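These protein sequence lines map, in sequence, to chains A, B, C, D, E and F. The working numbering numbers the first residue of the first sequence as 112 and each following residue consecutively. The working numbering numbers the first residue of the second sequence as 112 and each following residue consecutively. The working numbering numbers the first residue of the third sequence as 112 and each following residue consecutively. The working numbering numbers the first residue of the fourth sequence as 112 and each following residue consecutively. The working numbering numbers the first residue of the fifth sequence as 112 and each following residue consecutively. The working numbering numbers the first residue of the sixth sequence as 112 and each following residue consecutively.
A portion of the hints provided could be inaccurate.
Identical chains share a label here; the pair holds if one copy fits it or two copies do between them.
To be verified - Computed cross-link-like contacts, DSS-like style, restricted to lysine-lysine with a CA-CA straight-line distance of at most 25 Å: (1) K366 to K314; (2) K332 to K290; (3) K366 to K290; (4) K366 to K332; (5) K292 to K332; (6) K332 to K314; (7) K314 to K265; (8) K292 to K314; (9) K366 to K265; (10) K265 to K292.
Bear in mind the hints are in silico, worked out from the structure with no lab data behind them. It should be emphasised that the depicted structure is a prediction, and the values quoted were computed from it without experimental measurement.
6 protein chains.
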Amino acid sequence: MRPNRVRQLLASGQPVLNGWLLLPDSLSAELMSHAGFDSLTVDMQHGMIDFQSALSMLTAISTTQTTPLVRVPWLDPGLVMKTLDAGAYGVICPMINSRQQAQQFVAATRYAPTGNRSFGPLRAALYAGDDYALHANDTVLNLAMIETAQALDKIDDILSVEGLDAIYIGPADLSLSMKGKAVHDTMEGDIGDAIRHILARAKAHNVFAGTHTSSTQFALKMLELGFRFVTCCNDTRLIAAGASNAVREMRGGLKQ
Amino acid sequence: MRPNRVRQLLASGQPVLNGWLLLPDSLSAELMSHAGFDSLTVDMQHGMIDFQSALSMLTAISTTQTTPLVRVPWLDPGLVMKTLDAGAYGVICPMINSRQQAQQFVAATRYAPTGNRSFGPLRAALYAGDDYALHANDTVLNLAMIETAQALDKIDDILSVEGLDAIYIGPADLSLSMKGKAVHDTMEGDIGDAIRHILARAKAHNVFAGTHTSSTQFALKMLELGFRFVTCCNDTRLIAAGASNAVREMRGGLKQ
Amino acid sequence: MRPNRVRQLLASGQPVLNGWLLLPDSLSAELMSHAGFDSLTVDMQHGMIDFQSALSMLTAISTTQTTPLVRVPWLDPGLVMKTLDAGAYGVICPMINSRQQAQQFVAATRYAPTGNRSFGPLRAALYAGDDYALHANDTVLNLAMIETAQALDKIDDILSVEGLDAIYIGPADLSLSMKGKAVHDTMEGDIGDAIRHILARAKAHNVFAGTHTSSTQFALKMLELGFRFVTCCNDTRLIAAGASNAVREMRGGLKQ
Amino acid sequence: MRPNRVRQLLASGQPVLNGWLLLPDSLSAELMSHAGFDSLTVDMQHGMIDFQSALSMLTAISTTQTTPLVRVPWLDPGLVMKTLDAGAYGVICPMINSRQQAQQFVAATRYAPTGNRSFGPLRAALYAGDDYALHANDTVLNLAMIETAQALDKIDDILSVEGLDAIYIGPADLSLSMKGKAVHDTMEGDIGDAIRHILARAKAHNVFAGTHTSSTQFALKMLELGFRFVTCCNDTRLIAAGASNAVREMRGGLKQ
Amino acid sequence: MRPNRVRQLLASGQPVLNGWLLLPDSLSAELMSHAGFDSLTVDMQHGMIDFQSALSMLTAISTTQTTPLVRVPWLDPGLVMKTLDAGAYGVICPMINSRQQAQQFVAATRYAPTGNRSFGPLRAALYAGDDYALHANDTVLNLAMIETAQALDKIDDILSVEGLDAIYIGPADLSLSMKGKAVHDTMEGDIGDAIRHILARAKAHNVFAGTHTSSTQFALKMLELGFRFVTCCNDTRLIAAGASNAVREMRGGLKQ
Amino acid sequence: MRPNRVRQLLASGQPVLNGWLLLPDSLSAELMSHAGFDSLTVDMQHGMIDFQSALSMLTAISTTQTTPLVRVPWLDPGLVMKTLDAGAYGVICPMINSRQQAQQFVAATRYAPTGNRSFGPLRAALYAGDDYALHANDTVLNLAMIETAQALDKIDDILSVEGLDAIYIGPADLSLSMKGKAVHDTMEGDIGDAIRHILARAKAHNVFAGTHTSSTQFALKMLELGFRFVTCCNDTRLIAAGASNAVREMRGGLKQ
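Okay, chain A solo, but in the shape it has when bound:
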């Protein structure tokens, strides 16, 4: 089976640089996968992407060495399993708020006896190899999002779930849930304390920790703090900011 490079990097103590895909388009995904990220996440939650688009994007990422991940929109076991069948090598699940939800999520990513994933790895076997079924449980990653005050409260319950590979902090939703306002890229105040606490507990439980950022500077800072998996940019911001900059430069130049 094709190894999961993200898992290898995590195991060997190296950081994982993840890119984020929100556009429902395979060519954009292919361009992103030529940029050198270790992994790319197809975001089916806030991205404008459904299964058919996700499939074509996973295929496009598969033309390179970048590891394909998916964020599902919700704890929906059928869709977790279906994106794995489509060749995702890891699934990020939003809004894991309790031990029971974490167990249900982990189970959906593992075949028996350690889970209840249904058998039928169609495109997954094309991507991974014919021995997919033998090694999938040790290869595929699950990442539970910690992003609510409720989850913060239950952090040890969640982290102690057998088979959980990693947690992934969503700072915007976490701060929204804690303080009623979504903030990005800050370690100040209560949200900073919460993030440090989650990170410390993850280390204590030997669970990898990742987090979402919106700049390379902050992503580097998060790696320094001990995060092992960081997202530092997404396709829509690159387009929107790049295009605005180009227009600003042009308008500025014209004024002179």
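Place chains B, C, D, E and F on chain A using the hints.
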């Protein structure tokens, strides 16, 4: 009929900033159209875009004030007419190399008596208004690409075609045709001379001149030289370069 | 943030005329949004429409002043949130049968502290403006469908849920659930009594009430009765009935 | 091979009622094909429809007894042949203005020895039966559009082309070409004279004549005049007009 | 209403030959439906197929006499109902492990008073006829998958659910759940005993039993054992195995 | 630049085994590319495939070592260039009947100075590498189809065109054109003589020769005769024949 803002800008002596779309995706098109360009061109020639994708992109651009243009893949009158029916307010046609080709192109963008465009402006009338047919001939723009040694030779023949609104220089193809090598963003040597010559002849014929560039700096320089319509960035480069930069910054930061 | 015209009409005591979309096609949606409805609902339950089609339809509606709404297929919080991220200004949720279901639905449409909607308004911010997050809770509408005998029973429990904007009666399902037969456009008998009762209770709770009809005549009658939001026609019936009429007229004319 | 009902109707002297499809959607096509038309034309010229959409629409029409036709965007032999391979039982080609163009069009719809259609009837054989190749030349219809002053001039040249099944008048383009204005549904003045002349010449050459109308009344009138194939309504007008009527009735009712 | 041929075959004691669709493509579905199967199942669980693709495939199957079925990805009542609205004549639901799950599934496939299916049979009525609502409860089939150790334990609880038409054994998942390894096409050992037991209990409860196989030989053996509905081949295996065979024959021939 | 394995095999005297794709689906293309063919051809002529589908299929083939080729529907230079931009490593063009057509086709596949291909290799550069433009003229293959009596007549004119890489015989169309009947897989009679003649002339001109067959047996025979590039199977036949065989075996087994 909704006026063509690009035509208005040209008529009033103001520059037109055009963005370029190569990804077959409506959300990306919508993001680009929020950046402030005067117009956006859906490139059906080198972009990975066919009619159905172009339609959804034209619709997305229509949610803003940005003027929607299309580049067709070839001098195919049926497709020129069909993209106009879909609501394009201008068509750029590649590889116009002779007076006869220029005439055929112009005719495809005009209803009788000045052309032979077939009648049936379906989505165009939704975008433009019910009086589309009355004003389309005076509203819709045609831009003939000058991008071969052959066209350079016949430049006055082409520019004197009745009804031609503008020419659009493709420097990569022009240099490829003249010197066997595609170059970008240069006014040096033979290619620079050729571009200056085409621009001068366009002015002499009272035909607007536009050109393709790949940086805001060079686009500004082209405006200074007298071009009135410049393309300065495209969606795929924004994604590809932005993503590569992000990875480079991260890798660089990690090494320290 | 772009105001929600449906909310404004409701607040100012004016009726809301809603159209219904069942075809998975953006051009048809755009045609409907040029007809003058106050709002259009993309029906992802009984319409043949999934997320990618819904996205292109919401984009098409956004080219006009018509307010875009979505009916989700089921109480699936992930999908409720995703359609809001795609720019829906209101969500109709079928089969709300208990206080707990109504609470779960309302929470999915509101950011903390009043709900648990996850943060990431991608296309929504393009449509609404950059201050979307600040005003979304006061702008976006939720409409809970009352359409079972069970819901009729629990009507006060449901209507007293904090944050519920409106209810929407589905007479076909309600009559099917009460009497084993789906009927349309009638105020006779038990179904009429039930509709009058729901309307009266909604007024008592200061919750707006809407209903589904299949003719303009009956829709007008419902407005007279006190409903504030009425659906009076859908795209598939217009096509199917219009086409049948045309054929009938032709066959009839031929016989003479 | 499944017989071509339109050809049978024409052969037996009965009128053919044709409906027109402009929306790129298979469900809408299926709804239209349940209305009772003898044939439906997928309009790839002014409709917002490309090949992949046309394929799904032809499939949808094939679930009923309605005969599937296609109008191609231009005299493009490759696309004429491809739509036949997709199962179209007839092709309407716009802008046939000379004997040579008519010959090229007819040839594209016939296998050797009477034409040069390339062999490979993939979906066509699923629709028609395994003996498709044996009978296609006698089954599939070609309809050349007469819609310019130029074509009017050459009408006998065009009508005398061996193998031409029918002509189809496009009154909007014909009047646009003759008088500089697109008109519909009129037999007044020069355009009326031209239509009568074309019809008379078609009869003289034993070629079936059809025409495009936009109302059942005018379509019936055209059948009385001797046309054998009439189009009387299209999907977009049904939606647009039906929706506008519904809104008008509602607004009118509210005012009372 | 168009009768359900699979139900008729089951009622008259005849075996049902089912084919399986994993490719998201309508033409492939149409090819399969010309092969002579009694029914075809669009697999939305392990197939790479979402709703929009499923709709186009159901339409393609509808061009023939083959009965269209769908396997949903999970016990999601909204999607069960939506695939029925799209014209599926039967739904297979995976992972039914308890009486309560079986009841919820059956209810989603039946209108009141025997279930809670929501009313709105859009394409279903096109396929089935205008009297769909009257007869759907007696026509549409539900098939609950028995494929876990847990379900084996509760087999009598599940089989005694009122309104359950059939069970469908998934041997791969069943063996995976029982023994930690997915096996196909075997009646040996514990898995063979389990299958025989489920079949015997189904007969005792007068519930039809079907099963999944991967060869015609084993499918025939299962019919001999008393199964009434067997799947014997799928589209992806036909392509993958057929292509590999062709290459092997070519490489072999070249070596000689 | 990624080398063209088909060109390498041809150069080194080894046979090329080509598979054929007619289904507009990327997963099917990916399955085929795992079977071991040297190349796969996306057939945009008789396959039900347009550009957007072709793009997703070329991407899917790119996940493997199989070389991606495209057959365009007609000698349309714009589409020849666009499929190359999408990453095709070779283009097969149907119906090349004269020296002029062969020249126009070859020119469309080559950048200046040897051709007139327009510059803009978007996805091609992702697939091939950043030095695509430098080596494309020596890497990309053009294959002209010889498939009419007219082409047979002009065979030396066509074969002597500078830059033509290969010819590809279409026996069905050739026999249809010569004898009025499409035959497959025969070397008998006139058609056999014609094929032998074309092959001999190709050798004399040092142009590679390929041919279309419908069985591995006949493909092997053609390789023995001296053909260097053979197509031996396609996706639709694998599905159609495989499915029919499965049904036949099942029905046969049931009868016993």
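*What hint numbers does the structure not satisfy?*
3, 8, 9
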